[in-house]
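**Student:** Please build the complex by placing chains B, C and D on the supplied structure of chain A, with the hints as guidance.
Residue strings, one per chain:
4 protein chains.
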Amino acid sequence: MFEQEIEVHGHLIDSMILTRIFDTIMDLNGEFTVLDFKIGKAKDEFSYARLIVKADSQEKLDSILEEVYREGASPVKIEEVMLERAEKDMTMPDDFYSTTNNRTYIYHNNRWIEVEDIMMDKCIVYDPNSDRAYCKPIRDVKMGDLIVVGEKGVKVVPPERPREGVDVFQFMSSSASSERPTIHIIRKIAKDMYNIKKKGGKIAIVAGPAAVHTGVSDAFAKLIRKGYVYCLMAGNALAVHDIEYALFGTSLGMNVNDGTLAVRGHRNHMRAINEVFKAGSIENLVKQGKLTKGIMYECIKNNVPFLLAASLRDDGPIPDVITDIVEAQKRHRELLKGVDMVLMISTMLHSIAVGNMLNANVKVVVVDINQAMVTKLLDRGTWQAIGIVSDVGAFLPILVDSIEKIENELD
Amino acid sequence: MFEQEIEVHGHLIDSMILTRIFDTIMDLNGEFTVLDFKIGKAKDEFSYARLIVKADSQEKLDSILEEVYREGASPVKIEEVMLERAEKDMTMPDDFYSTTNNRTYIYHNNRWIEVEDIMMDKCIVYDPNSDRAYCKPIRDVKMGDLIVVGEKGVKVVPPERPREGVDVFQFMSSSASSERPTIHIIRKIAKDMYNIKKKGGKIAIVAGPAAVHTGVSDAFAKLIRKGYVYCLMAGNALAVHDIEYALFGTSLGMNVNDGTLAVRGHRNHMRAINEVFKAGSIENLVKQGKLTKGIMYECIKNNVPFLLAASLRDDGPIPDVITDIVEAQKRHRELLKGVDMVLMISTMLHSIAVGNMLNANVKVVVVDINQAMVTKLLDRGTWQAIGIVSDVGAFLPILVDSIEKIENELD
Amino acid sequence: MFEQEIEVHGHLIDSMILTRIFDTIMDLNGEFTVLDFKIGKAKDEFSYARLIVKADSQEKLDSILEEVYREGASPVKIEEVMLERAEKDMTMPDDFYSTTNNRTYIYHNNRWIEVEDIMMDKCIVYDPNSDRAYCKPIRDVKMGDLIVVGEKGVKVVPPERPREGVDVFQFMSSSASSERPTIHIIRKIAKDMYNIKKKGGKIAIVAGPAAVHTGVSDAFAKLIRKGYVYCLMAGNALAVHDIEYALFGTSLGMNVNDGTLAVRGHRNHMRAINEVFKAGSIENLVKQGKLTKGIMYECIKNNVPFLLAASLRDDGPIPDVITDIVEAQKRHRELLKGVDMVLMISTMLHSIAVGNMLNANVKVVVVDINQAMVTKLLDRGTWQAIGIVSDVGAFLPILVDSIEKIENELD
Amino acid sequence: MFEQEIEVHGHLIDSMILTRIFDTIMDLNGEFTVLDFKIGKAKDEFSYARLIVKADSQEKLDSILEEVYREGASPVKIEEVMLERAEKDMTMPDDFYSTTNNRTYIYHNNRWIEVEDIMMDKCIVYDPNSDRAYCKPIRDVKMGDLIVVGEKGVKVVPPERPREGVDVFQFMSSSASSERPTIHIIRKIAKDMYNIKKKGGKIAIVAGPAAVHTGVSDAFAKLIRKGYVYCLMAGNALAVHDIEYALFGTSLGMNVNDGTLAVRGHRNHMRAINEVFKAGSIENLVKQGKLTKGIMYECIKNNVPFLLAASLRDDGPIPDVITDIVEAQKRHRELLKGVDMVLMISTMLHSIAVGNMLNANVKVVVVDINQAMVTKLLDRGTWQAIGIVSDVGAFLPILVDSIEKIENELD
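Protein chains in written order, with my numbering: chain A, 1 to 411; chain B, 1 to 411; chain C, 1 to 411; chain D, 1 to 411.
Isolated chain A (complex conformation) (with noise of 0.2 Å):
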């Protein structure tokens, strides 16, 4: 094991500066042990820690102290700054050392010097002849010019949070994990979904109609064959255009495969409810050979529960919706119970009425193409949960890829 020994100082609990180190050891896989902590007696008092940081190999422990040193701590045993001159204007040299936005003192001729003018993603010149440490664009590095280069000698100074009361300004904190690409994101939700099935655990999906209007019902549907989904919570559209794209191939009235609208289309929809009125309930439907595919049609070949709760714009409702939202809410509590994640896909109101329902240890997953949606989804004080800004026509195709790759790779 290779490790180093950093302390930090400050509003560390406050300012969550500790949290976010602690974070940044244990995503960049390293291991840490807190040899000491004085915690500040009232509001105003700094904490203190010191802890040994350690990873298996030194490349991974020095980009681990990378990182929790741009969040404030700092090696115990102060090193000189390194300096490097820029070989030509507008260059710097390979190793420099890349600016945050916090206050930030460079350790030179042993002692501490501001740099000044700090802003995110620039290098730091220190000017002899001023004895000052400036951060500068690289457009305005000028051949010869001493730049800080690795990571020796740089201390981080984190703003403290404002302790007023009444501050209405939210302390942020970044979040790494915001920025990855969807797809990642995706692979690793499958992830949780294999394991969580391995396990024997329960996944619900809550889906609005968009599911089927995108034309993936298919991955949906395979989802569900797979057996992936222990109960469905949706409404009477998803039902409704389930239906009618199994039974016409349309999607209010449209060909789903080609695009093209259908003859007399447009009373597809009707036509469905119509039938389902007809046989008088989904299932009655599955059992006289008339509904052959889908959505519906595999929750009851697999016999996965479903629910479909109804709600004031819709069309019919279909026999097997329930009308009573009270009795509707008792039995979402109780098929709900026990479930170890929840994808909530293209559906405000069902997914804000499920989100209701479980307690802070479920997993929860957001996808909708609107970011207001989600922001409102997640506001809600879930605990374990992520937002995916997207289309249901690209999250559900890739998140079935992916499951599928996964099951290859391990099973």
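Hints are computed from structural coordinates only; laboratory data are not their basis.
Keep in mind the model is a prediction, meaning the values are calculated, not measured.
Be a bit skeptical, because a hint or two may be false.
Where chains are identical, the list cannot tell them apart; a pair therefore holds if satisfied intra-copy or between any two copies.
In silico lysine to aspartate or glutamate, EDC-like type, Cα no more than 20 Å apart, as pairs [stated by the list, open to error]:
#1 LYS38 / GLU7
#2 LYS278 / ASP89
#3 LYS142 / ASP36
#4 LYS330 / ASP140
#5 LYS199 / ASP27
#6 LYS330 / ASP320
#7 LYS142 / ASP131
#8 LYS43 / GLU31
#9 LYS337 / ASP121
#10 LYS301 / GLU116
#11 LYS54 / ASP44
#12 LYS330 / ASP315
#13 LYS43 / ASP56
#14 LYS41 / GLU7
**Tutor:** Using the frame of chain A, we list chains B, C and D on its own:
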């Protein structure tokens, strides 16, 4: 040829009734000949049109007629409405007439009866006792109700556009195509791009950095390699992200392949910029064998001209960026002469700029994850445009796939 | 009356050219008489119209003509274009002709010259040496350039709508009203509401809980008290929020007056629900003297009928809420008969539901902070609608203020 | 002083439990002293804290305790839970304990009983027959049910943050302030601006043209006149819109006062640009007595420095605009030195640019109608920021009003 004579009265020009009827016939691959047209001389006078609708099969003709009747046209020869009894409660006959939300009449016993309580997507019940007709939701249908079936003897009267001069209410025209699943729209665009390329036309792409960050720069590069891109317009960020990815495999410090954070990865963005400054230009970076893939690489290898226009938020900006905006505008106008289509992908600033430089005959495709951006770009008076609310990470691979399929079929 | 004879050729119906010309004349309070109209018999034949435009002042006529010329019309009698020299570099004559992005010709020396490089919002420079005309940005204007001034001798040709049947490109029509500042649109709506009330018409309001949470329930209550609300449609949440605010001064536990957290305030939401259950209904709560202000209070005091329809996410729901959706739909349809206008305020679910129950002659106002919601609601084929992307907290007070000003002026 | 000793176990740092407890105490104006703190040495070891919470009234102390107990703390001395019978069906005792969605225990008969089926905002029913406790919705409460009241004897266990290193799930921390009505947030900002000005601090404004187009340039101008704006950063469009409005009373050709279209108004945008070119600069236009009001006028009259940075979409751009971006960046960095607060109003481009130039101690206020824009700007790692999703047309007048009220009170 199968044909039918129809007529229509009203504010045909004002309320766009005739435009929609022509549209509908042509959308459904029919033909028409105008037999008679009398225009209202002043704004409060009605117009009248009589035309023959033709199609190459009776089924197609029926489907066209059904739609134009919903737009307000009616057959010159009036026929009696057809009625059929409901076989049980909450069930309509299979061939039920599905209502619009426009004023509607049925022709029964040689006179027109207005349908009461008209609403969208319901059925019409004729009550012989009162000699009245009602619009009814399916759950209100009783066994034995006389329900209108087929399309004969039903007349629809679209609302007149309010002509008060000061009215803020927009007159909505239903736009069937806006409801098509994204995937079909992308296929149509692919077809159009294929045809433009075939005819020697020019397709310009305006793109923001999301095209790299979402992990689809390979699809983008392929589009260039295949010869579909006449020129590329972008900013510093697209180029820097692309070069960061090509040189280090990261985007803003994250490994694009697996979504993990690279060691000292947060420097990669600035390192990429530094590399271009060291080489002097992107072209030099390619010549030195350092840049060997990606969007910018393909542009240089395939002699696709690119313009990188500076903006205030640029890091660097790298030497290839035109930092004087007046000069940049001049070169954009020069390069855009004669383009047939522009794809605007996830960039507000450059899309608006390019949009302002286009004449009204250029086709424009706007792709953005954010509905408000798409709305804003389409609101600018551009003429032939299509907006797609989608993740560029989903759009580009599907577009390139679709193009390849078309090539395989048609080349 | 001042008048001018104009004519226009092209796909006047298809490309909506004539619709836009009629619109423009009426929007600018002019009159017109159609002198001649020949319609293209088949889809690829041109139409032709000749009309007289009239206005009550020369200035108004000029302004109308200027606009209709930009839409493709031209005076029957052709006049020479007027040219004026630029007095210095980068400066246009005051009366410069400002270009559209449509194909444009100038009539010079008895022949039409096409303007090259046409773009929006530039000027036209005629070069006597080459006898050609160019569209130029202001920074390219040189001293002495011959610049087109006034509106004479300029002809604009709008693009023809692509008529291939399979085209996904929308044909955009510029919508002047969409660019009006929100405040003016709200004033127009206030005027319309005033007129509807005056005539004994009916205005329904559909509203979500944001109407309380944004602190504007006083404005809402005033609107009811003043008699502008024929009926209120909402969900459990609006009523509960309103009652929480009226009983405890909080909304979700926060003091609405000063934004501080109330003591044990997080319970207030559930306490409000408990109070209604204890009383048995909202009306009982008013009768018992416990509920003395707010939206629900005003409804009861002023005999304004309200419908609270349940949805799956409801807390409670309180006894007044109709928990069976089929019953709720029935009562909504009943209550909505004969309404003239519906205000849909910050609620997706109830707005779609109500929208589906309206006939096409009802005016609809959609207010939401979220552009995507507004777009979605307007996309549903409702006919006379206006969408306002705004905070309800800003909309309602301005609306009530505007109504009061109109009352003071006109009553 | 009233006080209470409390303790808390768990991953206090990792899961931010202690941060939230400190926050809660300070948000509610309490005090605390840490008596003991033992940190978990490694990532899987628990931490432990014991502290005294103090407040200046028993009521305030109770309110603080109630909140911190919901965050996982508990009194050092355990007390029995209090139970009260429901007086009728569907009714809770007034003092009912309102649940969180975290794991919850009640202390009854000297032992902890876990509450089953825990959900947010319900009550807890103890069943003496089975000696079990259940979380129940109000409609399930039966007369005689034993319901937990008050806050004693209830223990909440927040979920532990998943520490697997690869997890994409965000750990949500409830953010009370994000739920405050906009109007209160604006008042807090007004207070902050007042204080900054009082102390001689610097407030910069970055604004887009919506500030003129929404009809609130008068409020903006007043803010400058009152001395609250240290410097203005904008683009060509803000200046041109402002000058168009000042010279012609229009914004993009529409009369701002009444929303009607001005005669030949579409030229006004370009005419305004032409006027500045004729004068040579905005300052000259003021000196010549042509520009007599508005945002730019006030800047010049009050010696408030402004920077107009070019962007590719500019019409003109007018002479005052810095067309070279590298030069513009340099001057922005210079002018932003030492600012205390930046208001970013309805401009993505300039806001990101300015945000990148700030150090982490600057307060940032982001105002935009578009949630996605606000989210994107706040996601950039700025530290003390508040995002407001609102129309600038609503924001600016309320802000200026609030400032004036504060001045009247405090000056």
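**Student:** Checking each numbered hint in turn, tell me which of them this model violates, lowest number first.
**Tutor:** Hints 3, 5 and 10 not satisfied by this model.
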